[in-house]
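Chemist: Take the two lone chains and join them into the complex the hints point to.
Sequence lines, in order, name chains G and V. Under my numbering, the first residue of the first sequence is numbered 1, with each subsequent residue one higher. Under my numbering, the first residue of the second sequence is numbered 168, with each subsequent residue one higher.
Note that these hints are calculated values from the structure, not bench results. All of these numbers come straight from a predicted model, not from anything done at the bench. Heads up, the beta-carbon is just placed ideally off N, CA and C, and yes, glycines get one too. Don't take each hint at face value.
Ranges of calculated distance between the beta carbons of each label pair, as one might list FRET restraints [to be verified]: (1) V:Q272 to G:A111: 23 to 33 Å; (2) G:S89 to V:D188: 52 to 62 Å; (3) V:Q275 to G:L12: 13 to 23 Å; (4) V:I211 to G:S78: 10 to 20 Å; (5) V:L218 to G:S31: 10 to 20 Å; (6) G:S42 to V:F215: 29 to 39 Å; (7) V:L243 to G:A39: 36 to 46 Å.
Single-letter residue listing:
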Amino acid sequence: MFSDRYIPLKVLTSVIILLLFGAYSHQHGKSEDEIAIKAIRSCVTSPVSCVDQPLVIRIRTGNWSKGGLATAEVKAGSAYLSKHPIKVSRLVGKRSAGRIIDLLGSFDHTALFIVTRQREDDWIQTTKYLVSLAGLGLCLWFFTRLFNFSARWRLPLIPRQSKTNDA
Amino acid sequence: MPDLLTHAASGYLIGRGFYSDHRVALIVFGSILPDLMTRVPGIILQRFLELPVAHFFGAFHTPVALAVACYLISFLFAQLHRQTSFLLMLAGALLHFVLDLMQEQFYQPIYMPWFPFSFQAMQWSWFHIHASLLVTPILLIVILWLWRKDNKLLSAGY
Numbered sequence: 001m002f003s004d005r006y007i008p009l010k011v012l013t014s015v016i017i018l019l020l021f022g023a024y025s026h027q028h029g030k031s032e033d034e035i036a037i038k039a040i041r042s043c044v045t046s047p048v049s050c051v052d053q054p055l056v057i058r059i060r061t062g063n064w065s066k067g068g069l070a071t072a073e074v075k076a077g078s079a080y081l082s083k084h085p086i087k088v089s090r091l092v093g094k095r096s097a098g099r100i101i102d103l104l105g106s107f108d109h110t111a112l113f114i115v116t117r118q119r120e121d122d123w124i125q126t127t128k129y130l131v132s133l134a135g136l137g138l139c140l141w142f143f144t145r146l147f148n149f150s151a152r153w154r155l156p157l158i159p160r161q162s163k164t165n166d167a
Numbered sequence: 168m169p170d171l172l173t174h175a176a177s178g179y180l181i182g183r184g185f186y187s188d189h190r191v192a193l194i195v196f197g198s199i200l201p202d203l204m205t206r207v208p209g210i211i212l213q214r215f216l217e218l219p220v221a222h223f224f225g226a227f228h229t230p231v232a233l234a235v236a237c238y239l240i241s242f243l244f245a246q247l248h249r250q251t252s253f254l255l256m257l258a259g260a261l262l263h264f265v266l267d268l269m270q271e272q273f274y275q276p277i278y279m280p281w282f283p284f285s286f287q288a289m290q291w292s293w294f295h296i297h298a299s300l301l302v303t304p305i306l307l308i309v310i311l312w313l314w315r316k317d318n319k320l321l322s323a324g325y
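Excised from the complex, chain V in its bound form (with noise of 0.2 Å):
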């Protein structure tokens, strides 16, 4: 997986590029769900305590496994912000995937698209595993400056 800073750059990017208000929230969000709901609870319980759980989380990295957990999620806004907020934090998910399946892994692809209907996994090997580290300090700057600009128009009235 590319790191959670560029995940979540992307995501803003992207974002940006369409809305300028809270929505972009929602965007990043969705944009880190994927590895909040595997990375997180695998290095916990399987890197520190040793347990099992690596096949099981991974199920949450899938596209509808992304769906259901946005749906789910969906129901800690508002009614009225409901749906939008399933779209989006979806869509944040999906670019999450996608830019995971860019990347090359160690040995077989082991991103799985067609879960649960098949365990066929892909990967498009673009570059290679750490190659988002190289461009992480530039996003930083990037996204920092972006928010900054964004912030004082926002506070400018516009």
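Chain G with its partners taken away, still in its complex shape (with noise of 0.2 Å):
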């Protein structure tokens, strides 16, 4: 299994297994994806339908009543429904247009959106991103003071101690 027999043929075997997997978890997420869509749409264009139905949406807010409570476009695909806005309450935040949220929630019986949970870019995940950067060349420098080429055509990856044993 590990041996140097049949090199390619045993590369070539696991990528197509994982174009395999890659597909078949593509197509299963997509007709997942259209479920989800569809029923996104039949709650915005009739929120009565989907009373106290947990629901997660994508949103961008437009105006700001008085009260606290956001018109807002809901994301259906890759569109959003903005001949159906909704009215969000409970949001956090700053009350500017714009935002583009990720709400957890439901509609009550007056179609008002009632949030359970948010969460939006900011800067929390721009933070993640970096330190993940950071990480990320960490790990390589880490990796690169312990293994090297060795002078073999195939360069393969050796231990630094083992360099000469092995080359």
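Modeler: Written as structure tokens, this is what we have:
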């Protein structure tokens, strides 16, 4: 299984298996997405049909009322349902238009969307990306300090201390 | 997901408990591999180029696909080290997966331990999705201190 025999065949088989996994997951995910988009569309166009039903939606905020309610457009698939704006309650943060926010919540009997949880691309997410980049850099640096390419034609990686034994 | 620094640090700390040589680097590499295979292409292709690839790459963040990926990557190593490399990278990758299972997602779980046999996702909801950022500075200091200490011992001939 780990010998030098039939390496191209082993590599090709592994790549094909990974591609098949990806295609299978993509196909399944696509049909799940279609169901979710259909559910969002139906709830946004007719909120009373989805009262108290937990829903995860992405919104783009518009105007805010004095009472703290936001008008928002809901994203379904790649487009926003601009013709069916919803009223959102208990939204935390700056009262500005154009914020893109993921919401978990449900519609009440008055077609008001009550937020129970919200997520936004804010400084925390940016910090996480920067920290992750630092982690990636640190790992690659650590790895290159301990491994080296041998001089053989396929340039396999070998631990630095065993270079003389293996090359 | 916890950030990559937390994943790498956890791989380093656990790996260092067992080994003191290049094998630690294999566990560390394995512990960032799931995100290298899913988040990095996902961010580039989905967020920036708006290609619908999240589900495609999501498959690579599963134990079975990670085993295949580690097997594939093991052919980058000389035959002598190939099997060990595979096992240690896989151990690191599974450690990453377990850490991801511990966090609480925005709503429903997203990680699928039984793929490709089932798409059933699970989570243990032990900590918030951004909680890792709180321990990152401490982890960074600890691993740099340990790394420096190990290097000193190595150069002293221990």
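Chemist: Compare the structure with each hint and give your call.
Modeler: Here is how each hint holds up against the structure:
1. V:Q272 to G:A111: 23 to 33 Å: holds, 28 Å
2. G:S89 to V:D188: 52 to 62 Å: holds, 58 Å
3. V:Q275 to G:L12: 13 to 23 Å: The hinted range 13 to 23 Å is violated for V:Q275 and G:L12, with Cβ atoms some 36 Å apart.
4. V:I211 to G:S78: 10 to 20 Å: At 18 Å between Cβs, range holds.
5. V:L218 to G:S31: 10 to 20 Å: holds, 18 Å
6. G:S42 to V:F215: 29 to 39 Å: Because 31 Å falls inside the window, the suggested range holds.
7. V:L243 to G:A39: 36 to 46 Å: Holds - the Cβ-Cβ distance for V:L243 and G:A39, about 45 Å, lies within 36 to 46 Å.
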